[in-house]
Structures are given as C-alpha cells and as structure tokens.
Amino acid sequence: MKRKFLSFLGVAVMALGVISCGSDDNSSDKGNNKLVGKWTIMEELALDAKGNVVETDMYDNGACPLDVSEFLVGGFYQDTYYNYSEVASDCKSEVEDGTWKVEGDKLKLGFVEGALNVEAVFTIKELSDNTLLVDRPMTRDEAEDYELNVVTIRQVFKKVK
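Residue numbers 1 to 161, in full-length UniProt numbering, belong to the letters of the sequence shown in order.
Hints were generated in silico from the structure; no laboratory data involved.
Source: prediction; values computed, not measured.
Ideal Cβ positions, reconstructed from N, Cα and C, are used throughout, including at glycine.
There may be inaccurate statements among the hints.
Claimed, not checked - Okay, derived cross-link-like pairs now, SDA-like style, lysine to any residue, Cα gap no bigger than 20 Å in a straight line:
1) Lys159 to Asn33
2) Lys125 to Glu94
3) Lys101 to Gly74
4) Lys38 to Glu94
5) Lys50 to Lys159
Claimed, not checked - Beta-carbon label-pair distances, calculated as ranges:
6) Glu94 to Asn117: 16 to 24 Å
7) Val112 to Gly62: 40 to 48 Å
8) Val112 to Glu142: 18 to 26 Å
9) Gly114 to Val53: 12 to 20 Å
10) Ser89 to Asp57: 33 to 41 Å
11) Val112 to Ala143: 23 to 31 Å
12) Pro65 to Asn130: 14 to 22 Å
13) Asp57 to Val118: 36 to 44 Å
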C-alpha cells in the first residue's frame with residue numbers, strides 16, 4: 001500500500017494542534033524544534049465524532065523498511081515510503097519532497113501532486129521528543145474503506161532520529 005507523509009500526504013486538506021503554556025510562548029518555534037528529525041508512522045486510528053477509536057491499522061511493510069518522514073531545519077521535508085513486500089529484494093523506495101511549517105496548532109505541508117500544488121493541514125494532538133499524534137478529517141476517497149461513523153483519522157508517529 002502506497003502511503004505518503006504521514007500518509008500524511010496523499011490527502012489534500014487535513015487538520016493539526018500544538019500545545020502552548022502561555023501567551024508569551026512561541027508555540028511555532030517549540031513545534032519546529034521538536035518536529036525536526038526522522039519519524040516513522042506506527043499506526044492509524046479511525047475515530048468517530050466523539051473521538052472513540054473505531055478501527056486500528058498497524059503499519060506493516062513486510063520485509064521492507066517502515067516509511068520515514070524527515071522534517072529538516074529550514075522548512076523542508078522528505079518523505080520516503082515503500083510498497084509492501086514479503087521479499088526484501090523487491091523493496092523499492094520512493095521519495096517525495098515538500099515544505100512544512102507549524103502555525104499555532106496547525107502543521108502545514110506543501111507538496112506537488114501531479115500538476116497541482118497541494119497544502120495538507122493536520123491538527124497536532126501530541127508532540128513530544130519521541131511521539132507525534134496528528135488528526136485529520138477523513139476524505140471522501142477513504143470513506144469506502146472505513147465504518148460509516150468514522151470522521152477523523154489519527155496518525156501515530158515515533159521519532160527514529
């Protein structure tokens with residue numbers, strides 16, 4: 001299965017939130033510092049309107065490495081993903097580049113999809129030194145893959161570097 005940033009990226013519009021302790025805190029700078037590095041997606045949770053987990057999808061690439069999203073200083077990112085394979089020699093990586101920025105409680109990713117410039121927006125639910133949780137609305141294309149009551153997709157990432 002082909003997943004983009006944070007599978008993050010096969011979707012045109014998504015939502016994200018960052019925690020702030022006070023009005024004089026610069027949450028964008030704090031988010032930027034913690035976000036820089038390599039992250040791998042561990043699971044995807046399908047949530048209903050009340051935030052209850054309806055389904056869980058654990059990421060498994062078979063013999064291939066897990067997908068990696070790297071956030072670089074300067075607002076650029078690189079997404080490396082693999083299609084599932086049971087045979088290690090069949091593992092081929094694809095790389096996509098884009099831009100990123102944290103604005104308040106939003107993580108905004110810019111990338112090119114075909115001939116279109118796309119911005120994906122995520123709501124950060126948790127951002128620590130080792131964990132990133134982001135929410136986004138489910139897209140129409142995804143609706144056929146989930147229960148009828150699913151409205152939000154939460155992606156869980158672990159920092160690898």
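Verification of the hints:
At most 20 Å may separate the alpha-carbon atoms for a hinted pair to count; lysine 159 and asparagine 33 meet this at roughly 13 Å. The hinted pair formed by lysine 125 and glutamate 94 fails the criterion: a straight-line CA distance of about 28 Å is larger than 20 Å. Distance restraint check for lysine 101 and glycine 74: the Cα-Cα separation of roughly 9 Å lies within the 20 Å cut-off, and the hinted pair is therefore satisfied. Proposed proximity of lysine 38 and glutamate 94 is supported: the alpha carbons are some 16 Å apart, at most 20 Å.
The straight-line distance between the Cα atoms of lysine 50 and lysine 159 is roughly 28 Å, outside the 20 Å bound, and the hint therefore fails. For glutamate 94 and asparagine 117, the hinted distance range of 16 to 24 Å is satisfied, since their beta carbons lie about 19 Å from each other. For the hinted restraint 40 to 48 Å between valine 112 and glycine 62, the CB-CB distance of approximately 28 Å leaves it violated. Look at valine 112 against glutamate 142: about 21 Å separates their beta carbons, and that is inside 18 to 26 Å.
For glycine 114 and valine 53, the Cβ-Cβ distance of about 33 Å falls outside the hinted range of 12 to 20 Å, so the restraint is violated. Between serine 89 and aspartate 57 the beta carbon distance is about 26 Å. The supplied range of 33 to 41 Å is therefore violated. Between valine 112 and alanine 143 the beta carbons are some 25 Å apart, a value that agrees with the proposed interval 23 to 31 Å. Restraint check, proline 65 to asparagine 130: a C-beta distance of roughly 19 Å satisfies the suggested window 14 to 22 Å.
Look at aspartate 57 against valine 118: about 23 Å separates their beta carbons, and that is not inside 36 to 44 Å.
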